[in-house]
Amino acid sequence: DTPIHAAINETVGVAEIIGKPWAKGFINAILRDIDRDREIIENTKHYSHPSWLIKKLKQDHPKNFQEILIENNKRAPMTIRVHPSIQRDDYQKQLQEINIFSQTSTIAPQALILKDAISVTKLPGFEDGSCYVQDTSAQLAAQLISPKIGELILDACSAPGGKATHLAELCPKANIIALDSDDQRLSKVQENLDRFKNHNITIQQGDARDQEWWNGKLFDKILLDAPCSSTGVIRRHPDIKLLKKPKDISQITKTQSLILENLWELLKPGGLLLYATCSVLKDENVHQISQFLDKFKDAKNEKITLTWGNGDIGKQQLPHKEYDGFYYAKLIKSH
Numbered sequence: 071d072t073p074i075h076a077a078i079n080e081t082v083g084v085a086e087i088i089g090k091p092w093a094k095g096f097i098n099a100i101l102r103d104i105d106r107d108r109e110i111i112e113n114t115k116h117y118s119h120p121s122w123l124i125k126k127l128k129q130d131h132p133k134n135f136q137e138i139l140i141e142n143n144k145r146a147p148m149t150i151r152v153h154p155s156i157q158r159d160d161y162q163k164q165l166q167e168i169n170i171f172s173q174t175s176t177i178a179p180q181a182l183i184l185k186d187a188i189s190v191t192k193l194p195g196f197e198d199g200s201c202y203v204q205d206t207s208a209q210l211a212a213q214l215i216s217p218k219i220g221e222l223i224l225d226a227c228s229a230p231g232g233k234a235t236h237l238a239e240l241c242p243k244a245n246i247i248a249l250d251s252d253d254q255r256l257s258k259v260q261e262n263l264d265r266f267k268n269h270n271i272t273i274q275q276g277d278a279r280d281q282e283w284w285n286g287k288l289f290d291k292i293l294l295d296a297p298c299s300s301t302g303v304i305r306r307h308p309d310i311k312l313l314k315k316p317k318d319i320s321q322i323t324k325t326q327s328l329i330l331e332n333l334w335e336l337l338k339p340g341g342l343l344l345y346a347t348c349s350v351l352k353d354e355n356v357h358q359i360s361q362f363l364d365k366f367k368d369a370k371n372e373k374i375t376l377t378w379g380n381g382d383i384g385k386q387q388l389p390h391k392e393y394d395g396f397y398y399a400k401l402i403k404s405h
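At position 261 of the sequence shown the residue is numbered 331 (the numbering used here), and the sequence of numbers has no breaks.
It cannot be assumed that every hint is accurate.
So the derived label-pair ranges between C-beta atoms look like this [unchecked claim]:
| id | residue 1 | residue 2 | range |
| --- | --- | --- | --- |
| 1 | Pro-132 | Asn-79 | 29 to 37 angstroms |
| 2 | Lys-367 | Ala-187 | 44 to 52 angstroms |
| 3 | Glu-80 | Leu-376 | 36 to 44 angstroms |
| 4 | Asp-309 | Asn-371 | 28 to 36 angstroms |
| 5 | Gln-166 | Arg-102 | 54 to 62 angstroms |
| 6 | His-405 | Gln-166 | 26 to 34 angstroms |
| 7 | Lys-315 | Ile-100 | 42 to 50 angstroms |
| 8 | Ser-155 | Lys-373 | 14 to 22 angstroms |
| 9 | Pro-308 | Thr-375 | 53 to 61 angstroms |
| 10 | Glu-282 | Trp-92 | 28 to 36 angstroms |
| 11 | Gln-254 | Lys-315 | 38 to 46 angstroms |
Below, simulated SDA-like cross-link-like pairs (lysine to any residue); rule was C-alpha separation at most 25 angstroms, straight line [to be verified]:
| id | residue 1 | residue 2 |
| --- | --- | --- |
| 12 | Lys-324 | Leu-376 |
| 13 | Lys-311 | His-153 |
| 14 | Lys-352 | Ile-100 |
| 15 | Lys-144 | Leu-328 |
| 16 | Lys-352 | Gly-199 |
| 17 | Lys-314 | Trp-334 |
No lab work stands behind these hints, which were simulated from the structure alone.
Glycine included, C-beta positions come from ideal geometry on N, C-alpha and C.
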């Protein structure tokens with residue numbers, strides 16, 4: 071086999087032979103770029119991901135990027151959230167009696183990970199709100215918010231309503247506003263609410279980037295499940311690999327920043343804003359929050375002390391056989 075550097079030199083020399091010496095520098099630069107990106111090109115073929123995303127994952131997670139790529143090509147687990155009024159172990163036994171097998175999550179106290187995906191119609195009590203289909207990582211949001219009686223809580227970008235219903239399950243006497251800009255998506259929230267009888271959730275149509283929908287009452291807590299690249303849930307939506315482009319990430323981070331800064335004004339002093347994405351890209355997560363903390367001196371990072379995930383400014387979950395890729399950061403408003 072001809073060494074790479076020799077092959078490049080020979081190819082560059084062809085430009086001289088065919089009477090186009092002006093092209094030598096251009097050809098040399100292109101071939102050396104290809105040589106440098108050889109691993110990325112091979113990975114693109116091997117892992118079925120676009121080269122820009124492989125580069126980004128390698129940059130953000132040098133020790134874990136291959137593991138992320140492998141998980142992204144696997145089948146996502148079907149996970150359910152058992153209503154807190156029901157013992158998880160008891161519900162697991164109910165499932166077992168009808169040959170639906172599952173394992174308990176080690177990080178989310180209400181989560182059961184099903185061995186095989188099934189129709190929700192087979193789940194006992196599904197129509198009555200006994201359980202809800204929701205990934206383990208997404209179930210951590212309500213746990214981190216920890217709703218209390220009488221608190222006014224905003225669930226921004228709420229559709230389809232999984233996190234709002236979870237907040238209501240944990241504390242039916244908390245006052246929850248489920249906000250979303252899309253009328254059709256809000257109808258999905260309503261559909262989910264119809265299965266949950268005991269809640270205090272108000273649906274509100276509005277854009278989290280502005281305050282036109284707001285009645286002027288400050289919130290005790292805000293859950294911002296921000297629009298993102300969804301790079302933590304690629305195995306659920308493989309078309310993300312084809313649809314998302316590098317330029318999209320820049321636009322997404324601008325939107326996230328706009329929403330975050332807007333909602334911060336609506337939070338009480340001493341209040342909590344939980345920032346969440348289903349992304350694994352640092353620009354949308356730790357970099358976004360670090361920039362926010364630098365800009366807003368009344369914002370304090372509250373370290374998440376739970377055992378899952380990694381990071382000091384927020385916590386990053388990477389895709390795993392039991393849960394999706396997710397990021398959470400707790401921000402406290404000091405004054």
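So, going through the hints one by one against the coordinates:
1. Pro-132 <-> Asn-79: 29 to 37 angstroms: 31 angstroms, holds
2. Lys-367 <-> Ala-187: 44 to 52 angstroms: 47 angstroms, holds
3. Glu-80 <-> Leu-376: 36 to 44 angstroms: With Cβ atoms ~58 angstroms apart, the hint is violated.
4. Asp-309 <-> Asn-371: 28 to 36 angstroms: Cβ of Asp-309 to Cβ of Asn-371: about 34 angstroms, so the range 28 to 36 angstroms holds.
5. Gln-166 <-> Arg-102: 54 to 62 angstroms: At roughly 60 angstroms between Cβ atoms, Arg-102 and Gln-166 fall inside 54 to 62 angstroms, so the hint holds.
6. His-405 <-> Gln-166: 26 to 34 angstroms: Distance hint for His-405, Gln-166 is violated at roughly 52 angstroms.
7. Lys-315 <-> Ile-100: 42 to 50 angstroms: Since the Cβ atoms of Lys-315 and Ile-100 sit about 22 angstroms apart, the hinted range of 42 to 50 angstroms is violated.
8. Ser-155 <-> Lys-373: 14 to 22 angstroms: 31 angstroms, violated
9. Pro-308 <-> Thr-375: 53 to 61 angstroms: 35 angstroms, violated
10. Glu-282 <-> Trp-92: 28 to 36 angstroms: 58 angstroms, violated
11. Gln-254 <-> Lys-315: 38 to 46 angstroms: With Cβ atoms ~25 angstroms apart, the hint is violated.
12. Lys-324 <-> Leu-376: 29 angstroms, violated
13. Lys-311 <-> His-153: 34 angstroms, violated
14. Lys-352 <-> Ile-100: 29 angstroms, violated
15. Lys-144 <-> Leu-328: Not OK: Lys-144 and Leu-328 at ~34 angstroms, beyond 25 angstroms, violated.
16. Lys-352 <-> Gly-199: 36 angstroms, violated
17. Lys-314 <-> Trp-334: Given that 25 angstroms is the threshold and the Cα spacing comes to 28 angstroms, the pair is violated.
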